[in-house]
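J.: Each chain, letter by letter, is given below.
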Amino acid sequence: MNHGFYLWMSYGATAIALAIEMATLVARRARARRLIEEERDLEAQD
Amino acid sequence: MNWFYFSSPATFYRLAGWLAPWFFGVAALLAAVGLYYGFIVAPTDAQQGEVYRVIFIHVPAAWMSMFLYFVMAAYSAASLTFNTRLGAMMARSLAPTGALFTFVALWTGAFWGRPTWGTYWAWDARMTSELVLLFLYFGFIALSNAFEDPRRGDRAAALLALIGLVNLPIIYFSVHWWNTLHQGSTVKLTGTSMHVAMLTGMLLMVFAFWTYSIGAALTRVRSIILERERRTRWVRAL
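Chains E and D, in that order, are what the protein sequence lines are. Numbering that gives the first Met the number 0 applies: residue 0 is where the first sequence begins, and numbers increase by one. Numbering that gives the first Met the number 0 applies: residue 0 is where the second sequence begins, and numbers increase by one.
Calculated from the structure, these hints are not laboratory results. Each residue gets a CB set at the ideal place from its N, CA and C atoms; glycine is no exception. Wrong hints could be hidden among the right ones.
Stated by the list, open to error - Quick look at which bits of chain D chain E covers, simulated, 3 or more residues with Cβ under 8 Å:
1) 52-65
2) 96-106
3) 214-220
This is chain E alone, in the form it adopts within the complex:
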């Protein structure tokens, strides 16, 4: 019986899930940086 499909679906999905989490970590970091910049701009306007 060929089990390649089940192995690929398991390992492939895990790799994709981990890649998505890494991407969200990078995106969240960028969002936090943007919020700080906005805060600095507001302070400069005051």
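Place chain D on chain E using the hints.
T.: Then chain D, alone, in the frame of chain E:
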């Protein structure tokens, strides 16, 4: 070493930034060796054939899903009891990684179950309680973000995390308490019937997922700290 020194978001931010890359590096190394053991060294299973190799991610992901929930609940308890800001932030940072590993455990379990049991899913006690765990993670994430004041979100989510703790013994003992399709524990404190190469590969992957989780949680908590503390002087000085 004064541990309370690192309970301040400002000092923990720097410590987390220094530690996170190391944990990611160790995780990558352990995963590489673990997969080498899992695919090259470990022999083919006499009954299940090659598909048993799903255990090298399924079991570590399932263990991590429960362990991360326990740690998340412990941080939640600390934040409720001592009103610590960092405890609540750590609980928030662990939730997405815990949800990810719960999803991976369910998904890989389904693709292991189809060729071995003949079905992707059954409303079996172990699988159902693991699905409940995924919903608990989703509930925690949703509740913590449902309030304009993040501290109120922290408290509400912390309560949910503590209530949800009751699900962990249910998941663990479900295979003993009920007649389940899912098999009982193969690895126990008293020993295991697994081949040494299979066990080595699996334990290496457990440690890889563990170190990855720490790295991801530390990276995420840094962003949470920046978001929460953005009006403070030390963040503006960064």
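J.: Look at each hint and say if it fits the structure.
T.: Structure-based check of each hint:
| no. | hint | in the structure |
| --- | --- | --- |
| 1 | 52-65 | holds (count 5) |
| 2 | 96-106 | holds (count 5) |
| 3 | 214-220 | holds (count 3) |
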